[in-house]
Amino acid sequence: MQDVVVMGLGEMGQFMAGGALRAGARVTPLVRGADVGAVLSTVAEGVPLWCAVGESDLEGAVGTIPAERRRDVILVQNGLFPGRWHALGLSDPTVAVVWTNRKRVLPTVVLRPTAVYGRHAAHVAAVHGALDVPCVTLESERALGEELVAKFGLILAVNLLGVLSARTVGEWLSGAPEEVAAAVEESRRLGEALLGEKTHAGTVERAIHTALESMAPLPARGRTAGARVREAIGLAGEHGLALPLLERAAECLAKSG
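Final position of the sequence shown in our numbering is 238; the numbers increase by one with none missing.
Treat each hint with caution, since some may be false.
[Stated by the list, open to error] What follows is a list of derived Cβ distance ranges for each label pair: (1) 88 to 204: 14 to 20 Å; (2) 236 to 18: 48 to 54 Å; (3) 70 to 3: 19 to 25 Å; (4) 16 to 156: 50 to 56 Å; (5) 184 to 67: 23 to 29 Å; (6) 212 to 45: 44 to 50 Å; (7) -1 to 200: 23 to 29 Å; (8) 156 to 103: 42 to 48 Å; (9) 73 to 7: 23 to 29 Å.
By construction, these hints were calculated from the structure, which means they are not laboratory data.
Bear in mind the structure is a predicted one, so any value in this text is a computation, not a measurement.
Glycine residues also receive a C-beta, built at the ideal position from the N, C-alpha and C atoms.
Whenever a hint applies, use it, and build me the whole structure from the sequences.
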C-alpha cells in the first residue's frame, strides 16, 4: 500500500485525499498546528506530499517541511511560477495545474484536464483516475510553463471582467467577445512576464477560452477579484507592461472605493 501525506484539508486537500484513498493509498493528514516533522517521521521518505494549503499560506507551510522531504512536495496552488517555488526552497517539486473548479456550494466543474509535471506525476494521475477527473502528464518544463500561464490567465481574465461588469462568463462571451479576447491577451502577457519567458500565444489563449466556455453559467467574479486585480496592476507596473483593460478594471475598483 502506498503512503501519501496531505497538508491542508480545505476543498482541494480533501478532494485529493479522497482520490488517494480511492486509489488504494494510505493517507496521513497534516492539519493546521500539527508538528510536521513528527508526523513525517511516521512515514517513509520518498512518499508524495500534497501541499494543498491556500496561496497565502504556502510560504509558511513549506517552511515547516524538512529540507530532505521537499523534493516530494506536490503543489496545486493557483498563480504559481518557478520563481516563487525556488524562493521557497523547492528546486524541483511536482506541480499539478488543476483545472477543476471546486466550490463548497457549487457542483464540481472540470474546465480542462489537470496537467502535471514532476517525479510524482504518476501518483497524481492515479489519484485523478480514481476521481474520474482527466489528467495529462507533461513532457517538459516548457509545457508546464504554458499551463501555468494559461491558468493564471484564466483567473485574472475572469476577475478582471467581473470587476468591469457583473455578468456571467457566458454573458461576457456572447455579448462582448472583443473585450473577452483583450482580457485573455493581457492576462497571458502578464503571465508570461511572471514566468520569465514567451509561450505559444495561440496555445495558451485557446486553453483559456476553452476554460471560459466551460464556466459560462458562473459569475465572472470571485470573492478575491478586487485583490487579484490590484495585485495584477502592481505586477504589470513592475514589469513595464501597459495593459489598458486591466487599468480600466483598477479604475473601477478605485471609484467604488
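Q) Against the structure shown, which of the earlier numbered hints fail to hold, in ascending order? A) 3 and 6
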